[in-house]
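Chemist: Listed below, chain by chain, are the residues.
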Amino acid sequence: MPRLSHAAVPALGATALAVASFVALLAIHLGGGGAVDLPWAPTLDLRLSFAVDGLGALYGMLATGIGAVVFAYAAGYLPSHLAHQGRPAREAWRFHGAMVLFMAAMVGLVTARDLLLIFLFWDLTAVASYLLIAFDRHERESRVAALMALLVTGITAIALLIAALVLHARYGSFQLPEVLSALQPGPATTLAGALVAVAGLAKCAQAPLHFWLPRAMTAPTPVSAYLHSAAMVAAGVFLLGRFHPLLQASGPLLDVLLGIGLLSIAVGGVLALTRDNFKQLLAYSTISQYGYVVAMLGLGSARAALAASFYVIAHAIAKCALFLTAGAVTQAGGGKRLSDSGGMARAAPALAVGSGLAAAGLTGLPLTIGFFADELFFAAALQRGPGMALAAVGAAALTLAYIARFWGAIFLGPRPAGAGRASPALTVPVVVLGGLVAVGGVWVQPFAELAREAGTATFGAPDAFKPAYHLDLRAENLMALGTYALGGLIVATRVLWAPVAAGVARLGDAIGPQRIYEVSLRGLNSLSDAVHDFEVRDLRARVRPILVLAAVLVALGILATPSTATFTVGTIGTTDLPLALALAVVIGAALACTVPREHLTLVLVLSTLGFSLAVSYAFFGAPDVALVAVLVETTITLLFFGIFSLVPERVLRREARARESRRRQRINAGIGVGAGAFAFLVVWAALSTPTPEQVVAAEHVRLTPQAHGQDVVTVILADFRGLDTLVEITVVFVAVVGIATLLRRGRLA
Amino acid sequence: MTAALARRFAPLLLAASVMVALATVVKGYSSTGDGFAAGVIVALGTLVHFVALGRDFSVQALPAVTRAPALAAIGLVVTLGVAFVPVALGEPPLTHWPPPGAEVPKVGSVEIATAFLFDLGVFALVSGAVLSAVGLVASLGRGARGSGTPRAGRRAGA
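Sequence lines, in order, name chains A and B.
Residues in the first sequence are numbered from 1 upward in steps of one, following the numbering used here.
Residues in the second sequence are numbered from 750 upward in steps of one, following the numbering used here.
Hint data in this document are derived by calculation from the structure and do not stem from the laboratory.
Keep in mind that the hints are not guaranteed to be accurate.
[Said to hold, decoys possible] Partner residues aside, some chain B positions facing chain A, computed with beta carbon under 10 Å: (1) GLY824; (2) ALA832; (3) PHE833; (4) PRO841; (5) GLY877.
[As the list claims (entries may be wrong)] Here chain B is said to cover these stretches of chain A; the calculated rule only asks that three of the stretch's residues, wherever they fall, bring their Cβ under 8 Å from a Cβ of chain B: (6) 530 to 539; (7) 635 to 644.
Just so you know, these numbers come straight off a predicted model, no measurement behind them.
Heads up, the beta-carbon is just placed ideally off N, CA and C, and yes, glycines get one too.
Using the sequences and the hints, build the whole thing.
Modeler: Here you go:
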């Protein structure tokens, strides 16, 4: 009877939310699908458009349904995980918050119809994944793995954004249905398709961008079971499915997908055979299984699309169950590695049955949903030809071999000392999922219909293949029998090929993509440190490059633009004399700033500069600006006084007396004079050309009474240019958060 | 002598600055000044109080300074609400009520309009933000000196 501990409350809340979302999605889908369309920036063609179709319903129900089971599991797993590490139980709130964020992002991703919304939710899933992988923040391996996952999926997400922009430039719309219905082959389409494929393949951990997934196994087991077997990696193939018409129109891209899928099957399968750690083996298995799905999407036929969608369902249920099993076995004291576990069948019979059903489902044994998944896989492969069929049999045999090894090594054999019972809170979810696998083996119609609708949404045309048990010698059955035989052969001859496989794994570690990633990251770090050491010695050294670069860019701009009739000189009338006087005071104050050496004197001279500028604003006829300038100047001056009162007096005296070398002084003076000269030229050029701004200003003055105001400036700030004000004050808020982070490490109170 | 004078007048200046700020916000649409200027006026009055009376006494006498981040957050939420609630109602962002041409209900000289609410939000945010900054800088000297500057983020991936 699980105690309703403090840590269980967020888990149960999350479970309820997941179940409610699942039911809602199912209801919407059975009711024919719904759509929401809210234009929030019509001139930019940005709309909040969501719709539930077959593909969206499948992945959405997967995310919420598997989420419900995993959250229920976490209610039992997390308290002991946190207690084991000596962390307070309220960290469960952070955990479940991130999980719910992830689930919401998944549902948003699969229902979004606007390209930029898809990108937004895509990135949100990567952020949630980062938070969850790094949940055990005190472990260095978790932090490294989380950063690796975020970098790989985040950088490829930029590819998705670029693809969205390319599609908008080519087809004129951000709305996905409009773009997909207007598709034409061409260089822009191929580029967008390639970028989308890169983003999707990195997310579902296909070779060569697969190396982040095994490292991400340092996350707690519920995270691995949910994100990295059933939901986040599924988002990758979801993207490929959603954009499948684009991939079809992009030349040989589908064949490239097929190749990458087959490569991932091989890499994942071979490496899974060599792994000893439970979760590592399951991670490579996930890479291999998603290789199946990517290969099927690359086959480019209606049957293959149906097979891919069905396979995602079957794999998600079964793989999640196996991950949860690994966590339950570890918690029951059965170890983390295959080499020192065994005999759990006697200690935890219910767990053995549940995970046995899931394992059978993954290997495609009859009376499980996996049998139909493999049947569809073989049917799709047969459509392509005998070579593909042979590859399919080999892939399925590999899967059988390593899954059989996984289950056998954990549950069969003699019972090791120290193994306890698995807690019921951890066993029940596994049994539920295993039962679902078995139910799907008998009553396959609802799953098949859902997959059919998803496949139709993917490929554009439905396929009428109905998975069922046929007791005859059709090709799919023969291939299934061949799979069992070949898989059994691989298991039996383990002794022969184990050294070769281990050698391949070592070679991959030495020269594989992970090595490239690590080398690149180290190189980037070194470059950043070198630039930091060169640029940052004190505040003046930080400002110097900015001024120099600004001056260089301005000079380039002046040289590049045709400058005829610029730099005019106007006349100074008698009414302009007060303004000229105020500006002369400003110039004098600016020049005077170079003289003082004492800090407080310098602050006072700087404030003189600011106040005289405010006076010149007043002479320009801008009282609002002058008021704000005076206020801000006073505040800054007082702040300076306050800060200097905190610095010890001897430090201030020492700094006031310190002098730089002659050479450095000359460089500083030169940079100052150069930057000032270019600023002077730019302002002169800008004021020399007559601008049509007067029309806009006159418009604002005319419309002010209609906006219920009399002061044009306030009305502009709050009404005409209100969005600018909103952005500016958000920047102020962010600046304060930055100050807080720098001064008090993030605590604002 | 000047220090004693400053200590006498700083609280009075603070009270006066709050009144001036509120007046500026209320009359923002009809004369010079807006929410931003009002916010800085309030922050300026508090800053004078801090400089004249010292940080410990000020934080003790003005507990509102510790609430300043919440005030800034409230201001941000109010302005975001005024800007984006019309979107939920199907109109472009920052559509003000009352619409042009309609009558503006007034309570004394305070106008009941979304533009005024927006200005209030800006006022809350700016005063909260600057007060937070002042409070954070003031707490620098109050025993937090030994913490040093964290070189956060210098080496990614470590």
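Chemist: Determine for every hint whether it applies to the structure shown.
Modeler: Against the structure, the hints:
no.: 1; hint: GLY824; verdict: 8 Å, holds
no.: 2; hint: ALA832; verdict: 5 Å, holds
no.: 3; hint: PHE833; verdict: 8 Å, holds
no.: 4; hint: PRO841; verdict: 7 Å, holds
no.: 5; hint: GLY877; verdict: 8 Å, holds
no.: 6; hint: 530 to 539; verdict: violated (count 1)
no.: 7; hint: 635 to 644; verdict: holds (count 6)
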